[in-house]
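J.: Okay, here's what each chain looks like letter by letter:
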Amino acid sequence: MTTNALEITGLRKRYGGKMAVDGLSLSVSEGEIFGILGPNGAGKTTTVECAEGLRRPDGGTVRVFGIDPYRDRREARTLVGAQLQESELQDKLTVAEALGLYASFYPRHADPEALLHRLGLTEKRNTRYRKLSGGQKQRLSIALALVGRPRLVVFDELTTGLDPAARRESWRLVEELRDDGITVLLVTHYADEAERLCDRVALVRAGRIAASGRPDELIERAGLDPAGRYATLDDAVVALTTSQLTTGQLTTGQLSTGDAA
Amino acid sequence: MSATVLDPVSARPSARRSAFGALVRTEARLLVREVIPLLWGAGFPMILLGIMGAFSHGPDKSLGGFSLVAAYEPILIAFTMATFALQGLPTVLAGYRERGILRRLNATPVGAGRLLGAQLTVNVAVSLTATIGIVVVGDAAFGVPLPGQLAGFLLTLVLTAGAMLSLGLLVASLARNGRVAGAVGAMLFLPLMFFAGLWTPQATMPAALRRVGDYTPLGAAVSALQHSMSGQWPSAAGLAVLAGYSVVFGLLAWRLFRWE
Numbered sequence: 004m005t006t007n008a009l010e011i012t013g014l015r016k017r018y019g020g021k022m023a024v025d026g027l028s029l030s031v032s033e034g035e036i037f038g039i040l041g042p043n044g045a046g047k048t049t050t051v052e053c054a055e056g057l058r059r060p061d062g063g064t065v066r067v068f069g070i071d072p073y074r075d076r077r078e079a080r081t082l083v084g085a086q087l088q089e090s091e092l093q094d095k096l097t098v099a100e101a102l103g104l105y106a107s108f109y110p111r112h113a114d115p116e117a118l119l120h121r122l123g124l125t126e127k128r129n130t131r132y133r134k135l136s137g138g139q140k141q142r143l144s145i146a147l148a149l150v151g152r153p154r155l156v157v158f159d160e161l162t163t164g165l166d167p168a169a170r171r172e173s174w175r176l177v178e179e180l181r182d183d184g185i186t187v188l189l190v191t192h193y194a195d196e197a198e199r200l201c202d203r204v205a206l207v208r209a210g211r212i213a214a215s216g217r218p219d220e221l222i223e224r225a226g227l228d229p230a231g232r233y234a235t236l237d238d239a240v241v242a243l244t245t246s247q248l249t250t251g252q253l254t255t256g257q258l259s260t261g262d263a264a
Numbered sequence: 095m096s097a098t099v100l101d102p103v104s105a106r107p108s109a110r111r112s113a114f115g116a117l118v119r120t121e122a123r124l125l126v127r128e129v130i131p132l133l134w135g136a137g138f139p140m141i142l143l144g145i146m147g148a149f150s151h152g153p154d155k156s157l158g159g160f161s162l163v164a165a166y167e168p169i170l171i172a173f174t175m176a177t178f179a180l181q182g183l184p185t186v187l188a189g190y191r192e193r194g195i196l197r198r199l200n201a202t203p204v205g206a207g208r209l210l211g212a213q214l215t216v217n218v219a220v221s222l223t224a225t226i227g228i229v230v231v232g233d234a235a236f237g238v239p240l241p242g243q244l245a246g247f248l249l250t251l252v253l254t255a256g257a258m259l260s261l262g263l264l265v266a267s268l269a270r271n272g273r274v275a276g277a278v279g280a281m282l283f284l285p286l287m288f289f290a291g292l293w294t295p296q297a298t299m300p301a302a303l304r305r306v307g308d309y310t311p312l313g314a315a316v317s318a319l320q321h322s323m324s325g326q327w328p329s330a331a332g333l334a335v336l337a338g339y340s341v342v343f344g345l346l347a348w349r350l351f352r353w354e
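As you go down the protein sequences, you meet chains A and B in turn. The number in the working numbering is simply the position in the first sequence, starting from 1, with 3 added. The number in the working numbering is simply the position in the second sequence, starting from 1, with 94 added.
The following block holds chain A by itself, in its conformation from the complex:
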């Protein structure tokens, strides 16, 4: 039996009196692009932060390639590359300096110059962080997530704030990563992005999985368009996360994420 890239079972995380994640389970097989979709405050970011070892779960277990990312941080963090929401760099650090610094954190890292080239940042290599555009900052954060040659990459809102061309460029990169056998966990607001990229998707609502499966399965399951021709995953997300349907109905039986692939 192969170890899953990510295995989360019964995860619970509470902030003060609020349950951010309340019994969430999912598993991501090695080599797939897995999407986590859901409204703001549903617990998506908390979930991936637990996978990155940034937070200690209050309950349940998290394993990346069989490793506990909180207890065995150092080992887990050489395997997981993270692109975090709302994380910046020092204003006066240049692009090349930042990437060189992060490369020094990993025993076997990618070549920084080649990575800069791949992300179209070669011309900006001597530009300070403060002077970069939003899209360039985003590309640099992607480069930092990849420089350690991770086996699992977590993108938290990869394309938020990017223009349409830059979004498509990011999608192409994600697909290339998958072609290289790298597992990608994609946290996103955008159903079109998930539909286009993801092998499987989990819809998170109120700290739990409301539904999960292949994008086409979810569209079908939402029952919006039995022929499956016109409805999009976007429609399905709205239907499955805001409808009267209870989570109980949606997560029973084959809807469990376990061995869907």
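Derived from the structure by calculation, the hints contain no laboratory data. The structure presented is a predicted model; accordingly, all values stated were derived computationally and were not measured. Backbone N, C-alpha and C define an ideal beta-carbon position, used for all residues, glycine too. Please note that the accuracy of each hint is not assured.
As the list claims (entries may be wrong) - SDA-like, lysine to any residue: derived pairs with alpha carbons at most 20 Å apart:
no.: 1; chain 1: A; residue 1: LYS140; chain 2: B; residue 2: GLY115
no.: 2; chain 1: A; residue 1: LYS134; chain 2: A; residue 2: LEU176
no.: 3; chain 1: A; residue 1: LYS95; chain 2: B; residue 2: VAL118
no.: 4; chain 1: A; residue 1: LYS127; chain 2: A; residue 2: GLU91
no.: 5; chain 1: A; residue 1: LYS95; chain 2: B; residue 2: TRP327
no.: 6; chain 1: A; residue 1: LYS95; chain 2: B; residue 2: GLY115
no.: 7; chain 1: A; residue 1: LYS140; chain 2: A; residue 2: PRO167
Said to hold, decoys possible - To give a feel for the contact side, a few chain B residues facing chain A, derived at Cβ under 10 Å:
no.: 8; residue: VAL103
no.: 9; residue: ALA201
no.: 10; residue: THR202
To be verified - Here are the simulated distance ranges between beta carbons:
no.: 11; chain 1: A; residue 1: GLU33; chain 2: B; residue 2: ALA219; range: 40 to 50 Å
no.: 12; chain 1: B; residue 1: VAL129; chain 2: A; residue 2: ALA209; range: 16 to 26 Å
no.: 13; chain 1: A; residue 1: ARG74; chain 2: B; residue 2: ILE145; range: 49 to 59 Å
no.: 14; chain 1: A; residue 1: THR64; chain 2: B; residue 2: VAL129; range: 46 to 56 Å
no.: 15; chain 1: A; residue 1: GLU33; chain 2: B; residue 2: MET140; range: 40 to 50 Å
no.: 16; chain 1: A; residue 1: ARG111; chain 2: B; residue 2: PRO285; range: 43 to 53 Å
Starting from the known structure of chain A, fit chain B onto it as the hints suggest.
T.: Leaving out everything else, chain B in the frame of chain A:
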């Protein structure tokens, strides 16, 4: 298919050691790029030293028998250390936390603890360099003798750095962001420097004020530096005050520091 996205591979045999070195080099580079704090912390005491030296007319009874420049040298050393520890360090660290830089590092195998270590290292290095500069220039240009009790002088420097940096870490722990940390640091800086004797040297302070000052970190530091510079071993009480502040502030900072 062309080569994969993350090729070619570069191997680094001792990643962990070189990671800390790279962090220290990066933080040093960033410190140098912030010209104004550097001028304020290291350049300004030098200028004051020059002014004091120019107006110094040999030993002065009202200054405890020291010349003006000799009386001010320990105060300027305290100034340098307090500036980097109370204004530089907390502003930078609280800003790093506010902007998610610490959190980002915690998602790498290296962890943000090493960035904290790198920040402490560069702040110690720059304040020690400035201190050596003050002592050497004071000797060469203005005839202030080099520290007579060198071991006591060095011990005092270490304890002063410990007390100031742990206070700086405590400020960084409590402040919500870089701006607040800078303001709190500046607010602490003024009274602490008052007891160090920046405005009225300790020898000219009323006895009661001076006694209070002996229990403040920089009052104790300046007094111990003064003693060791004139060849005496600093008082055990003064060193104990410095060590006590280091431990108390250090433990509080350790308990209260948040990474995000």
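J.: Which of the numbered hints above does this structure break?
T.: 1, 2, 5, 12, 15
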